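Visitor: Please model the complete structure; the sequences and the hints are all you need to start from.
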Amino acid sequence: MNKISDDIIWRYLQGTATAEDMKALNEYISASPENKKYLFSIEELYHLGKWKYDEEDKINAAMQRLKSVVQPVEMFVVSEKKEKKPMKHLFLWTRYAAAVLVLVLIGWLSFKGLTSEDMIRVYADNKIRKIELADGTKVWLNKGSVFEYPKTFTKDNRKVRLDGEAYFQVARQAGKHKFTVESKLMTVVVHGTIFNMKSYDKDTVAETSLIEGEVFVESVNDDSKIVLLPGQKAIVEKNNHKMVVKETNSLMDGIWRNNMVPFQNATIQDIAKVLEDLYHVEIEVRKDIDLTHTYSGMIEKKEKLEDVMKTLQNSIPIRYKIESDKVLIEPME
Amino acid sequence: MSVNNFETIYYGLFKQHYSALLFYATRLVGEDDAEDIVQDVFVELWNNKSKIDFDNHIKSFLYKSVYTRSINFLKHKSVVDNYTSEEKEFFAQKIAYYNYENSEVMARLENMELKKEILSAINDLPDQSRKVFKMSYLYEMKNKEIADILGISLRTVEAHMYKALKILRIKLSHLLLLLICFFRCV
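In order, the protein sequences belong to chains A and B. FYI, the numbering for the first sequence is 1 to 333, going by this note's numbering. FYI, the numbering for the second sequence is 1 to 186, going by this note's numbering.
The hints are simulated quantities; they were obtained by calculation from the structure and are not laboratory data. Here the structure is a predicted model, which means the values were calculated and not measured. Cβ coordinates follow ideal geometry from the N, Cα and C atoms, glycine included. It is possible that part of the hints are untrue.
Stated by the list, open to error - In the DMTMM-like style, the derived pairs of lysine to aspartate or glutamate whose C-alpha atoms are separated by at most 25 Å in a straight line are:
1) Lys302/A <-> Glu35/B
2) Lys301/A <-> Asp148/B
3) Lys115/B <-> Glu300/A
4) Lys59/B <-> Asp57/A
Stated by the list, open to error - Covered stretches of chain B, as calculated for chain A (at least 3 residues, CB under 8 Å):
5) 13-21
6) 75-88
7) 165-176
Guide: Take a look at the structure:
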C-alpha cells in the first residue's frame, strides 16, 4: 500500500479518525519505513505550526508550576489550633514540606475548613486553579483567592463560598436545584450559567458579571436584589452596600482565566480600546486608519503589549510605534 | 555542587529543553497529558539530584525519561480507554518510531526553526482564507463558530478551509520533503 488519502490523514490529525481509518493507517505505515516517516512528518509539521510552548512566557509559566512543586517555599495554611482566626498563619516550608508536596501533586491545595466540618477549602496562591465540583460545575480560581465547597452536595444545597475572584460554569441540574455563591459583600444564586465573580474579603467592592444564562444577585447587608442578564455587571460597594447594575463586556471580565481575549466585528479602534484597558496604556489610532473594516477572532494576552502588537501586525494591516507615554497605531503603507 | 549552583543548572536545563521535550511527549501521548509527563520528569530529576550526574548525558537522560514515562502512560491508557487492536498496533508502531535512540527523529524534533516557515506560508494565504484557516487551526474554533463570527455560511467556511489547505499543501510540500530527507539526502 503506497498511497493514503488526504482525508484520512486530515481526520487522523484532528483526532476524528474512524476504526476504518485506523486500519488503513496501520496498513500504510506497515508497508514501508518511508510511509511511516511520511505520516509522522506531516503530523509533526501540523503540530509545529501551532506550537506555543517555545515562547518565553509559556516556558516561564511552566517553570513556575515546576517550582511550586519542587520548592514550595512558603504557603498559607489553615491553623489546626484553636485560634478563632482561620487564616493567615504562615509556616515555613520545612515543617510541612512533605504534606504540602503531596497536596500540590494532587493538583491543588485543599485543607479542611475549621468553621464547618464538611467544607473543603481551596487556595489559589500564585497560580490560577481549575476545580471541578462533584455536580460537574467548573470553577477557575484567580490568584490569591480562597474557595470553599461542601464535601458532598445534597440535592437542595449547592452552597459555596468565595473570597477572591472566580469564573463559574455552573452545571444545570434537573429540578431547578440552586447553586449559591456567598461572599463578604454579595451572594449570587444561579441554576446553570456562566459568570465571573470578583469579591475579595479585603476589597471594598464586589462585582459579578454574567456571560451566559441568568443569575440572581443579592447584597449581603441590605435587601437589594437583582436578576442579571448576560452582558450586565452587578457591583456592591462596602460603604453603602448599594447595588449598581452596569452594562459591560462581560467576556472581558473572564480573561484572566485563559488569557484569551475574544472580539467580534471590532474595528481597530475597538481593539485599541480593549488593549488600553488590558495594559493600562494610552493607545492612539492615527486618523487615516480604515475604520470601516472590522475583525473577529481572539487575541492571546501576553506579558508584554509589544508581543500582542507584533501578533496583531501579522493579521491586521497596521504598524505600531511605542512612544514614551503612548502607543501609536498607523496604517500599513 | 553548591545548592545555588545546582538550581541554576536545573532551571537552565528546563528553559533549554522544555519546549522540545514537551513536543516529544506530545507526539507520544497527545497534548492533554504531555505537560504532566515532562513536569514529572523534572520532579524526578530534582528528587534524585544527588544520584544523577549533570554531565553531557543529562539530555539523553531527559529524553529517555520522557519516553519511558510515555510508554507506561500509554499502556495504562490503552486499558482505561479500551483501545481497539488497530489503535494498539498503531501506537506500538508510533512508539517504536519515536524511540529516543533514533537520533535522526530526535534531531528533527529539536529543530523548531521550521515553525517560522509554516507561519509565513499561512500569512501568505489570500485574505479571507487566511482568516478562516487561522481561526480553525490556531484558535481551534469549530467551523460553525467561525461561520457565526464572520457572518458567512458554513459552506463558505468549508470552501475557504479547502482552498487554504490546498495552497498550504503545495507550499509546504518542500518542507515535508526537507523533513523526510533531513538526513538521507545530505
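Visitor: Are the Cα atoms of Lys302/A and Glu35/B separated by 25 Å or less?
Guide: Holds - the C-alpha atoms of Glu35/B and Lys302/A are around 20 Å apart, at most 25 Å.
Visitor: Can you tell me if the stretch 165-176 of chain B counts as covered by chain A, using C-beta to C-beta distances under 8 Å and a minimum of three residues?
Guide: holds (count 5)
Visitor: Need the status of pair Lys115/B, Glu300/A: alpha-carbon distance at most 25 Å?
Guide: Distance of about 18 Å is within 25 Å: holds.
Visitor: Checking one constraint from the list: CA of Lys301/A to CA of Asp148/B, max 25 Å. Satisfied?
Guide: holds, 23 Å
Visitor: Keeping to a limit of 25 Å between CA atoms, is the pair of Lys59/B and Asp57/A held or broken?
Guide: holds, 23 Å
Visitor: With a Cβ-Cβ cutoff of 8 Å, does the stretch 75-88 of chain B contain at least three residues near chain A?
Guide: As far as the stretch 75-88 of chain B goes, the hint holds, because 3 residues have Cβ atoms under 8 Å from chain A.
Visitor: If you count the residues of the stretch 13-21 of chain B with a beta-carbon closer than 8 Å to a beta-carbon of chain A, do you get 3 or more?
Guide: holds (count 4)
The structure is consistent with each of the numbered hints, conforming to all of them.
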